[in-house]
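Novice: Each chain is listed here by its residues.
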Amino acid sequence: MTIIGTSVRRKEASSKVTGRARYTNDMNVPGTWHALFVPARQAHAKIVGIHTADARKVAGVQTILTAGDLAPLLTGDVTEDRPPLAKDKVRYWGEPVALIVARDESAAQKAASLIKVRYRPLAVVNSIQDALKANAPLVHDNIGSYTVATPPASPRKHSNIADEANMIKGDPDRFLKKCSVRVKVQVSLPQIDHAAIEPRIAKAEILPDGRVLIQASTQSPFEVQKQVAKYFKLNPGQIIVQVPLVGGAFGGKAAIQLELLAYLASRAVGGHTVKLVNTREADMATSPVGMGMEAEVELGATQDGMIQAAQMRFYMDIGAYTDSAPRIARAIAAQCTGPYNIEHLHTDVFSVYTNHTYTTAFRGFGHMPMTFAVERAIDELAKALDQDPLRLREQNALAPGHLTPTKARLTRSNLGHLPLCIEQMRRVIRWNQAAVEPIDAHRVRATGVAAFWKTSSSPPNAISGAITLMNSDGSVNLNIGAVEFGPATKTTAAQILAEQLRIPIDQVFVHEDVNTAVDPEHWKTVASLSTYMVGRAVMDAADDMVRQLKSIAAAILRCSPDDLDYGGEKIFVRDDPTIALRYQDLALGYKYPEGDSIGGQIMGRGRFMIRHLNLLDQQTGHGRPGPAWTVGVQAVEVEYHRITHQYRILKAATVLDAGQVINPKAAAGQVMGGMNMGLGIASREAVHYDAQGQFLSNQFRSYRVMRVGEQAEQYLVEFVETPQVDSPFGARPLGEHGVLAIGAALANALSRAANIPLNVLPLTPEVIWRAKGGKAYGAL
Amino acid sequence: MAPFNLLYYRPDTVDQALDLFRILSKEQHHPAFYGGGTEILTRVRVQDARFDAVIDLKAIPEVLVHREYQGSAEFGAGLRLTHVANRNLWPLLTATADRVADHTVRSQITLGGNLLSALPYREAILPFLMSDSAEAKVATIGGMRTHRVRDRYDQTFKLKPGDFLVSLVVDGHEIQGLAFKSRKMTRIDWIDYPLVTIALIRRRNGGIRAAFSGWAGFPFVSSRVDKILSNGRRSPSDRAKDAVEHMPMPALSDTHGSRAYREFVTQYTLAGMLEELEEET
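Residue numbers (my numbering), protein chains in the order written: chain F, 1 to 780; chain D, 781 to 1061.
Read the hints as simulated data drawn from the structure, not as lab findings.
Only pairs whose alpha carbons sit at most 27 angstroms apart, straight line, appear in this in silico BS3-like list of lysine-lysine:
hint, chain 1, residue 1, chain 2, residue 2
1, F, 184, F, 133
2, D, 938, D, 917
3, D, 1007, F, 775
4, F, 665, F, 16
5, F, 230, F, 89
6, F, 110, D, 806
Using the sequences and the hints, build the whole thing.
Specialist: In structure tokens, the structure reads:
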């Protein structure tokens, strides 16, 4: 192998660093009209009336839509419960109530300021507790009437429970009672924002022949195609979705929202090109955020620290609409033990409606909050047992032969090697058995650890593809359906193709955008699956090209294709490499010296479909949720001040089983970015609502992310490599994983330093102060 | 973007600026004086602007004064906060002004803009509130007026519509070698609005003065708090506790921190600052 395992520069790097990279809003056709939605300024209220007459008089305004102008339509990834424009009532602050189309942005804004919505306020469901109270006001009055478009999902009638997922394995009640050591942890995590640099945007146009062109900043172009077709009764083939580079996604661009509004806007003005672009404020309050969670985890173990049984309840604050919550709930249920072998288990996961902004996938697909709950419990168990927390994790680690909570069988290939990761972590952070070391009279230093695992939770029929075309110089164009939003997805695909064709990486050209009309379908660019799925399709396409090259070369060289080998951009006879043809001589067909020619362009096609997965059983939760589980361990070292509760993050470390690292610098960067994001979420990020449910954190001045200078002083990333044999070169997914357990590691470090369990995020000094009793200074 | 036509003027003299304001008002416009623009532009973005014309003061020489002159230091209202900090004529002002926002934003924000901001923080005013000599030059239709900053301060520095702040002057003798401490405490970040910003000075007679931002909806000083802090016979922590209990108004409770936590932070911060201040002097 020559290219696999080397740090190649990402394909779009030069464009990005010179500011030449083009995103959706960088390419505007003159004459494009602007769409703008009017957001609700109530969290839960009946819509009594919408006054649009004054707004319609603004020069340049083309049309104004409200729910009353549209055929009844409910949308949703799983349960169809969300109207594109609020109908009859609003369910969250920021929900689109009216949609304006105007010739320019300022006319649209002027019109928006003139639209008067009259509301009759309803009692606000402002928390999970509010939602679950007896006689709680209902966010949705008619849950029973909703269609579950993509089962499974179990909405509970006359309640705020949008879904319930259960998982039972063994006999948890009996075995939990028998355990000599038991710990129980309750955690609470707020909703969070994806905070991608590029706000979401969608443009739509309907051509005279009926084709629909959509340009959008999305992770799911092929899903946009299908959903738009379904909701508006069109044929998917009529719909062309184009996605240029995406400026960060983190799961938030897997949801489909603006695309539907942009289509409605364009349709309302005769198909004219219309652009709908979120302001930062709208991107945060109106488009979906990441879920909040309350959870209770109880673990039982023997005196020597073998975990026997667990009982868990997870309540997710999914906000006003379901979107992908039931999928996330099942991902949590399926992986709820963390990477540990627990024979007896009962887990319930509830998706709870509130009058908060609705939620969607967020980097880690539920594994981040789930891991926080489980890893806090594991650390408390280590404390109760007075055991080294790394040792406890090591001795309970899942191993080949074990069954996952959903009874999927684990093998050396489909499960990463956690004990190896732990062993390496001991060296990386100079492990001191979690001792708290005094620095001076007030300050201590402490390290916390936490481990993670994750699989893809993809649908069992997810597909991917690759099309390759050879240019006259022997270089190759690569078309794939995966979107590039940062993690070097396209570059990784290029590396795999270069490796398979034995050509230099700069001989592979990947086009940056995705176009559903020309690129092969890729399910969605989510779940860290691109290397695996796209990679397999690319290998298939490469094999196809090699077959074609050999076949034509065999004719020209008058030998069997089996006599041929390839390398150095040539096809040659294995036992006499001087008898050779260059790729460039074959790329567009071969021309004999006499002039007559044979062949044609070399073009490869490759495809891949996930296999052996199934939907989880609704009663028992059993099934196989993903092709393989990536594992790793993370650690955080903090310096903590015992009087002020201020702290500094000195080190953050990850050791992850990458199977085979394809691009070391890109992989390390991806994991580092994940750690930084996870630490920001755990230490400061939170969506705040006021008592009336108003979204208070809709700018970066109020939604705090980690800024330069506030990050950990050191980020350490190391990999172990035990191959996943069905994946390209053995590579395991690692895109999301840096984020998964780092928050738990921070909480574990601070819990040790402050000598009190810290189970509430974000871990601001105030939260620690409150956990310590919230006493006035000097009253210690 | 501004969803309306915003008139922009950049007068060269004080009189032109005053005239423009008067004329625009008469023409049924709603003018506003414009410093660095950070607040005006962010408010326009979220449709929270109550003006349709701005008068940029930064081309007026008097507004850009930055000098030591006849024993005084003078700071034009149009100076960027980064300039004030880099020149460092008044180290206490540098210390408070240099913790506003972040460096990029400070290189836009002007001194006058910060002092007259609609936001509750306005940290750059703290040194002027603690100073006996600080005076403000205000441009009015009747000519340049000079006021003691403290006399015109009640939750905000009071200006009549159409008047604007030209510069601030402090006595060089007062600020020379003055012992001080300034600390900004936030929820967690280095760059954020303050939970509380505290500035302390120790005067030559040993008396201590304090000014606070973030505790309430506006910066303030309190003679009662100063008196408590000045009692050198008591320990810094006792004085800090007493001061927090005798603040002129209760602490805010908001997303940055609860009232009780603000009290806690103010108390330990104040105690630590007193200790350091008195150790040094």
